[in-house]
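*Asks:* Sequence:
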Amino acid sequence: MSGVEDMAFSLQDARAWNASLKEKRPKMVAVFVGGTSGIGEHAARQLALAIKSPTIYVIGRNEAAGNRIITELKESNPNGSYIFKPSDISDLQSVDTVCNEITAHGAAIDLLFLTAGALGFSKQETKTGIDRNHILRYYSRMRFVYNLISSLEKSENPRVVSIYAAGKEVLLDEDNLDLKRSFSISASNSYPATMTSLLFEVLATQYPTISFIHEFPGFVATPLLKHSLGSIAGSVLGLLMKPLMMNSSESGEWNVFLSTSPSFPPKGSDSSGMKGVRVARSPTGQIGDGVYLLNYNGKDVTNQRIMEQLRASGFPSIVENHTLETLKIL
-16 MSGVEDMAFS
-6 LQDARAWNAS
4 LKEKRPKMVA
14 VFVGGTSGIG
24 EHAARQLALA
34 IKSPTIYVIG
44 RNEAAGNRII
54 TELKESNPNG
64 SYIFKPSDIS
74 DLQSVDTVCN
84 EITAHGAAID
94 LLFLTAGALG
104 FSKQETKTGI
114 DRNHILRYYS
124 RMRFVYNLIS
134 SLEKSENPRV
144 VSIYAAGKEV
154 LLDEDNLDLK
164 RSFSISASNS
174 YPATMTSLLF
184 EVLATQYPTI
194 SFIHEFPGFV
204 ATPLLKHSLG
214 SIAGSVLGLL
224 MKPLMMNSSE
234 SGEWNVFLST
244 SPSFPPKGSD
254 SSGMKGVRVA
264 RSPTGQIGDG
274 VYLLNYNGKD
284 VTNQRIMEQL
294 RASGFPSIVE
304 NHTLETLKIL
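The opening residue of the sequence shown carries number -16 in this note's numbering; numbering runs sequentially from there.
Since the hints were made in silico from the structure, they are not lab data. There may be inaccurate statements among the hints.
The calculated DSBU-like cross-link candidates involving lysine-lysine, where the alpha carbons are at most 35 Å apart (straight line), are [what the hints assert, rightly or not]:
1. Lys57 to Lys10
2. Lys151 to Lys106
3. Lys137 to Lys35
4. Lys57 to Lys5
5. Lys110 to Lys68
6. Lys258 to Lys110
7. Lys68 to Lys137
8. Lys5 to Lys110
9. Lys7 to Lys106
10. Lys57 to Lys110
11. Lys68 to Lys258
12. Lys258 to Lys282
13. Lys311 to Lys5
Taking CB as the label site, the calculated pair distances span [as the list claims (entries may be wrong)]:
14. Ile168 to Thr86: 32 to 38 Å
15. Ile66 to Ile312: 29 to 35 Å
16. Asn50 to Ser296: 44 to 50 Å
17. Ser3 to Gly297: 39 to 45 Å
18. Glu139 to Leu307: 33 to 39 Å
19. Gly89 to Asn230: 36 to 42 Å
Even for Gly, the Cβ is constructed at its ideal location relative to N, Cα and C.
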């Protein structure tokens, strides 16, 4: 179906596109940050099945899980290259080290897929004074983006996908973006979501050959609840939520689609010339404007009222400047 629509794609749409990838994109280099469990792991698994000869980097702290996933990816598609890079993603020096290792050979990166973080119910203050989850959900992810942006620019079809809370944006306090002055669980969830959406708008303009997606993944059956709440409480809540949850394999299929579909082009592409392709609307209201705030099924979830107020108050540049200054000291 061609044209522009804000409605969701169907799982049939996603599967049909994914099935075409072996012919359309036989090779692809992807970096999965936080890929040792949950949504990132299953996106990597589905990408390994969809691409004829993929190169997949999995970055995470759990070496046992990382090595297991690499072994299983090799079994699922022996034609690919799979590399586990151990890293404490909350430590930005560790992030720098692993990025330098990935970029050392000068190869292009086609996909940067970011999922690091956990449910947070209390502040975990680091030596910097910034909450650990705030670092994982925002600052660490943006460090990966900035560190790998040159490698992404070398790709013919580069994309950055950050899995978090698109559509959950709120108005921001300019003097509390790092949540040092005032911390709340609500702000620790909504601030990184809002800052991601705003910075992606800036980056989509600065890097018009790269498309940027901030995604709300829905409720997915992953180990996240157990990791965040503990085995017993997490298991109980997981059982209660099970009727609402998507299975992890289906989540992976959706994320391969969002990570590769031409429906979400970069700002610098000629989206009007893509015959037979539904081109998504960006939060700016423009079609194919390089940045997309999406539900897991590709539906635009932009909170137009909030985003317009934030733009009118100059927050895209405020967030950009804050991010660059904060990354210097982390």
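*Asks:* Run every hint past the structure and note whether it holds.
*Replies:* Verification of the hints:
1. Distance check on the hinted pair: Lys57 and Lys10 sit about 15 Å apart at the alpha-carbon level, within 35 Å; holds.
2. Proposed proximity of Lys151 and Lys106 is supported: the alpha carbons are some 20 Å apart, at most 35 Å.
3. Using a Cα cut-off of 35 Å, the hinted pair Lys137 and Lys35 holds, with the two alpha carbons roughly 21 Å apart.
4. About 17 Å separates the Cα atoms of Lys57 and Lys5, which keeps this hinted pair within 35 Å; it holds.
5. For the proposed pair Lys110 and Lys68, the alpha carbon gap of about 24 Å is at most 35 Å, so the pair holds.
6. With a C-alpha separation of about 52 Å, the suggested pairing of Lys258 with Lys110 is violated against the 35 Å cut-off.
7. Among the hinted pairs, Lys68 with Lys137 is consistent with the structure: their alpha-carbon atoms are about 22 Å apart, no more than 35 Å.
8. This hinted pair does not check out: Lys5 and Lys110 have alpha carbons roughly 46 Å apart, beyond 35 Å.
9. Distance hint between Lys7 and Lys106 is unfulfilled; the C-alpha atoms sit about 45 Å from each other, more than 35 Å.
10. Among the hinted pairs, Lys57 with Lys110 is inconsistent with the structure: their alpha-carbon atoms are about 39 Å apart, more than 35 Å.
11. With a C-alpha separation of about 40 Å, the suggested pair Lys68 and Lys258 falls outside the 35 Å cut-off, and the hint is violated.
12. At roughly 20 Å between alpha-carbon atoms, Lys258 and Lys282 fall within 35 Å of each other, so this suggested pair holds.
13. For the proposed pair Lys311 and Lys5, the alpha carbon gap of about 41 Å is over 35 Å, so the pair is violated.
14. The beta-carbon spacing between Ile168 and Thr86, approximately 36 Å, falls within the hinted interval of 32 to 38 Å.
15. Against the hinted window of 29 to 35 Å, the Cβ-Cβ separation of Ile66 and Ile312 comes to about 30 Å, which satisfies the hint.
16. For the pair Asn50 and Ser296, the supplied restraint of 44 to 50 Å holds, since their beta-carbon distance comes to about 47 Å.
17. At about 42 Å, the CB distance of Ser3 to Gly297 agrees with the hint of 39 to 45 Å.
18. Distance hint for Glu139 and Leu307: a CB-CB separation of about 28 Å, inconsistent with the stated range 33 to 39 Å.
19. Between Gly89 and Asn230 the beta carbons are some 38 Å apart, a value that agrees with the proposed interval 36 to 42 Å.
When each numbered hint is compared with the structure, violations occur for hints 6, 8, 9, 10, 11, 13, 18.
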